[in-house]
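Those protein sequence lines, which keep their order, are chains D and U. Numbering-wise (the working numbering), the first sequence opens with residue 1 and increments by one. Numbering-wise (the working numbering), the second sequence opens with residue 1001 and increments by one.
Just so you know, these hints were derived from the structure itself, not from any lab. A couple of the hints might just be wrong.
To be verified - Sample of chain D residues at the chain U side, in silico, Cβ under 10 Å:
hint, residue
1, N44
2, A97
3, D131
Stated by the list, open to error - Restraint ranges, calculated between C-beta atoms of paired labels, are given here:
hint, chain 1, residue 1, chain 2, residue 2, range
4, U, H1067, D, H67, 43 to 49 Å
5, D, R66, U, F1075, 55 to 61 Å
6, U, F1075, D, G71, 19 to 25 Å
7, D, K166, U, G1121, 23 to 29 Å
8, U, H1067, D, I194, 30 to 36 Å
9, D, G144, U, M1017, 46 to 52 Å
10, D, A177, U, G1054, 42 to 48 Å
11, U, G1121, D, D76, 29 to 35 Å
12, U, Q1165, D, G54, 43 to 49 Å
13, U, K1147, D, K193, 29 to 35 Å
14, D, G121, U, E1123, 48 to 54 Å
As the list claims (entries may be wrong) - No farther apart than 30 Å at their CA atoms in a straight line, the calculated lysine-lysine pairs in the DSSO-like style are these:
hint, chain 1, residue 1, chain 2, residue 2
15, U, K1022, D, K22
16, D, K175, D, K147
17, U, K1055, D, K49
18, U, K1143, U, K1175
19, U, K1166, D, K22
20, U, K1193, U, K1166
21, U, K1166, D, K55
22, D, K175, D, K155
23, U, K1175, D, K49
24, U, K1166, U, K1147
25, U, K1022, D, K193
26, D, K22, U, K1049
27, D, K22, U, K1055
28, U, K1175, D, K55
29, D, K155, D, K49
30, U, K1143, D, K55
31, D, K166, D, K143
Ideal Cβ positions, reconstructed from N, Cα and C, are used throughout, including at glycine.
Number of protein chains: 2
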Amino acid sequence: MKSENTVWHAQSVSRVMREQQKGQRGKVLWYTGLSGSGKSTIANAVDSKLHELGKHTYLLDGDNVRHGLNGDLGFDDAARIENIRRVAEVAKLFADAGLIVSTAFISPFRSDRDYARELIGVEDFVEVFIDTPLEVCEQRDPKGLYKKAQAGEIKHFTGIDSDYQKPANPEIHIKTAELSISQAVEQVTQFLKI
Amino acid sequence: MKSENTVWHAQSVSRVMREQQKGQRGKVLWYTGLSGSGKSTIANAVDSKLHELGKHTYLLDGDNVRHGLNGDLGFDDAARIENIRRVAEVAKLFADAGLIVSTAFISPFRSDRDYARELIGVEDFVEVFIDTPLEVCEQRDPKGLYKKAQAGEIKHFTGIDSDYQKPANPEIHIKTAELSISQAVEQVTQFLKI
């Protein structure tokens, strides 16, 4: 590098600078719930609402993560843990970028969610429990996955032959049987004070 | 979900909507060069300049990726390839979020960079070759790594006992011996037409 006439400081852009630019705090909305519970639907609805309100957001879900970053991972318990670890690390980067990032994965194990909470930091981590009874999810079965799992065609399916551990103390608890989508959205935006 | 009086469309926020909100196009600035070439310095300087100009940016580098998302990877060739694959996947997500994201890793293998280019898409991928002669990098040796590599204490060190394959046709070619940092920054912002 040639020397410069004026002293040049390699000042990095900080998280606070990125947040000030966007007029918001970086956050991770960590949606968890059974397959068919409505995670993606509600996460998308909240994301749309936040965008409409001028917030800078991003949504990590099966569509953009499962076949990309985590395309090398299978579906056994070890792979699920690594899947969630990577999602947590990437969500942390997005929050550091100043964005309100949502993750919509079943994330059935409490230990994984607690890991994510610790990694991301309690002040940035918002666990959103999409609480829909298994019977309702099985009835909906939008992708026909429960039917396949019950027939033994899919192994390690959450709620059938793999455990879903309910959050003990989520920041937001959405009982989908009692709420409309817009009411669920309001529950999240009220929590965020947006 | 309770039925709603009005039909509700689960409209997702698109990349174009995020880009319009930010008044920019998502991009990946993929810096490549030897250890000590000035990648991080220039990437940080460009990032600062873009932020100053109101652009929404993020920087992926060893500090926030190597000990986080890629903390499970070693330093042999297979691990380096997986390292770059994950960086490319994450950079793609950030560009999809509408951000101008910079990656500052040695990324010594042409095949990996070509992989990243294809994955991210030619219209979003900007390869920035930080071209500093090996002798200069060895002289600088800011972290004492060349000394350790020459003593055999670090294996697979690029430029010593592992190859650096120069970009054949990078979008931006920065010859650090001939430029000041601010001139290097200008070369990038001019390419981006910012």
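Evaluated hints:
For N44(D), the suggested interface contact is upheld, since its CB lies about 5 Å from the closest CB of chain U, less than 10 Å. Against a cut-off of 10 Å between C-beta atoms, the interface hint on A97(D) holds, since the closest Cβ of chain U lies about 4 Å away. The beta carbon of D131(D) comes no nearer than 12 Å to any beta carbon in chain U, farther than 10 Å, and the hint placing it at the interface is violated. Checked against the hint of 43 to 49 Å, the pair H1067(U) and H67(D) fails, with Cβ atoms roughly 26 Å apart.
Here the CB-CB span from R66(D) to F1075(U) is close to 28 Å, at odds with the stated 55 to 61 Å. Restraint check, F1075(U) to G71(D): a C-beta distance of roughly 23 Å satisfies the suggested window 19 to 25 Å. K166(D) and G1121(U) have their C-beta atoms about 41 Å apart, which leaves the hinted 23 to 29 Å range violated. Roughly 32 Å separates the CB atoms of H1067(U) and I194(D), a value that falls within the hinted 30 to 36 Å.
Distance hint for G144(D) and M1017(U): a CB-CB separation of about 31 Å, inconsistent with the stated range 46 to 52 Å. Here the CB-CB span from A177(D) to G1054(U) is close to 45 Å, well matched to the stated 42 to 48 Å. A hinted range of 29 to 35 Å for the beta carbons of G1121(U) and D76(D) is consistent with their spacing of about 32 Å. The beta-carbon spacing between Q1165(U) and G54(D), approximately 44 Å, falls within the hinted interval of 43 to 49 Å.
A hinted range of 29 to 35 Å for the beta carbons of K1147(U) and K193(D) is inconsistent with their spacing of about 53 Å. Judged by the Cβ atoms, the range 48 to 54 Å given for G121(D) and E1123(U) is violated: they are separated by roughly 36 Å. Among the hinted pairs, K1022(U) with K22(D) is consistent with the structure: their alpha-carbon atoms are about 9 Å apart, no more than 30 Å. For the hint pairing K175(D) with K147(D), the CA-to-CA distance comes to about 24 Å; that is within 30 Å, so the pair holds.
Between the alpha carbons of K1055(U) and K49(D) the distance comes to roughly 23 Å, so the proposed pair stays at or under 30 Å and holds. Distance check on the hinted pair: K1143(U) and K1175(U) sit about 22 Å apart at the alpha-carbon level, within 30 Å; holds. Only pairs whose Cα atoms come within 30 Å are accepted, and K1166(U) paired with K22(D) is rejected, the gap being roughly 38 Å. Proximity of K1193(U) to K1166(U) is assessed by CA-CA distance (about 25 Å); at most 30 Å being required, the pair is judged to hold.
Among the hinted pairs, K1166(U) with K55(D) is inconsistent with the structure: their alpha-carbon atoms are about 41 Å apart, more than 30 Å. Taking the CA atoms of K175(D) and K155(D), the gap is about 27 Å. The hint holds against a cut of 30 Å. As the CA atoms of K1175(U) and K49(D) are separated by approximately 46 Å, the hinted pair breaks the 30 Å bound. Proximity of K1166(U) to K1147(U) is assessed by CA-CA distance (about 22 Å); at most 30 Å being required, the pair is judged to hold.
Simply put, K1022(U) and K193(D) have alpha-carbon atoms about 23 Å apart, close enough for the 30 Å limit, and the pair holds. With a C-alpha separation of about 17 Å, the suggested pairing of K22(D) with K1049(U) holds against the 30 Å cut-off. In summary, the hint linking K22(D) to K1055(U) is supported, as the alpha carbons are separated by about 10 Å, within the 30 Å threshold. A C-alpha spacing of about 39 Å is found between K1175(U) and K55(D), which places the hinted pair above 30 Å, so the restraint is violated.
At most 30 Å may separate the alpha-carbon atoms for a hinted pair to count; K155(D) and K49(D) exceed this at roughly 36 Å. Of the supplied pair hints, the one linking K1143(U) and K55(D) is violated, its CA atoms being roughly 40 Å apart against a limit of 30 Å. Note on K166(D) and K143(D): the hinted pairing holds, with a Cα-Cα distance of about 22 Å set against a maximum of 30 Å.
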